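Novice: Using full-length UniProt numbering, the letters of the sequence shown correspond one by one to residues 1 to 214.
Hints listed in this document are in silico derivations from the structure and should not be mistaken for laboratory results.
Check each hint, because a few of them may be wrong.
Unchecked claim - Distance ranges between label pairs, derived from CB positions:
| hint | residue 1 | residue 2 | range |
| --- | --- | --- | --- |
| 1 | His82 | Val30 | 33 to 41 Å |
| 2 | Gly90 | Asp2 | 24 to 32 Å |
| 3 | Ile79 | Ile40 | 16 to 24 Å |
Please read these numbers as outputs of a predicted model, since none were measured by experiment.
Ideal placement from N, C-alpha and C gives every residue a C-beta, glycine not left out.
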Amino acid sequence: MDYDSIIFREFTHESIERIKHYREEEAERVACQQLEEQSIHKDNNVQRHPRNKLSKDEQIEQKRIPNKDLAVGQELPRILKHKFPQELIGKPIEEIDNYYRTENVFVVINKNHTIFRFSSTSACFLLSPFNLIRRLAIHILTHSIFTTLVMLTIITNCIFMTFKNVPETVEYVFTGIYTFEALTKCLARGFILEKYTFLRDPWNWLDFIVITIA
């Protein structure tokens, strides 16, 4: 992939309009392709007049796949780390992988240059990507300290489970931490309807079950 063509832009209302424009372009491209295929099937002399070869751009478009280097959880490639603006760390930015440009998503890069992807639709039908509460939840979720604290909580909880008599207050503390984690993720991502929401990640299923049972 040509990383030089990637532009880091903060996610704004204009970004949503750009996504709509990309979706319209994609719909037109698909419609034209379907019409072309239908006309070829109707041509009785299709074998005598084979279809013209696809242009280079069309071949690239058909082979378009997600960039593994820009997948969720990956670090930015080295060449992109150097050009990533420091003022955009922890802030929603426009999609950097062309594969997702027609989807309602945005990206957040944290201080460790780890990639997070979120739905740009309203979380829980209420919180738009520009809502201050959702922005705060995204900032907490993407911070490396949050991930570290959650992992330490899980390890500590596993250790306490080996004890015979554990005070109820300890269980309440762990349940409270897991509830805060789940609530933060729901506010930042949404619950289940869209891609990249809370329950679309199998790792969150256990948290949801534990909180529900508790």
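Novice: Take the hints in turn and mark each one as holding or not.
Specialist: Checked hints:
no.: 1; hint: His82 - Val30: 33 to 41 Å; in the structure: holds (37 Å)
no.: 2; hint: Gly90 - Asp2: 24 to 32 Å; in the structure: holds (26 Å)
no.: 3; hint: Ile79 - Ile40: 16 to 24 Å; in the structure: violated (42 Å)
Hint 3 from the earlier list is the only one contradicted by this structure; the remaining hints agree with it.
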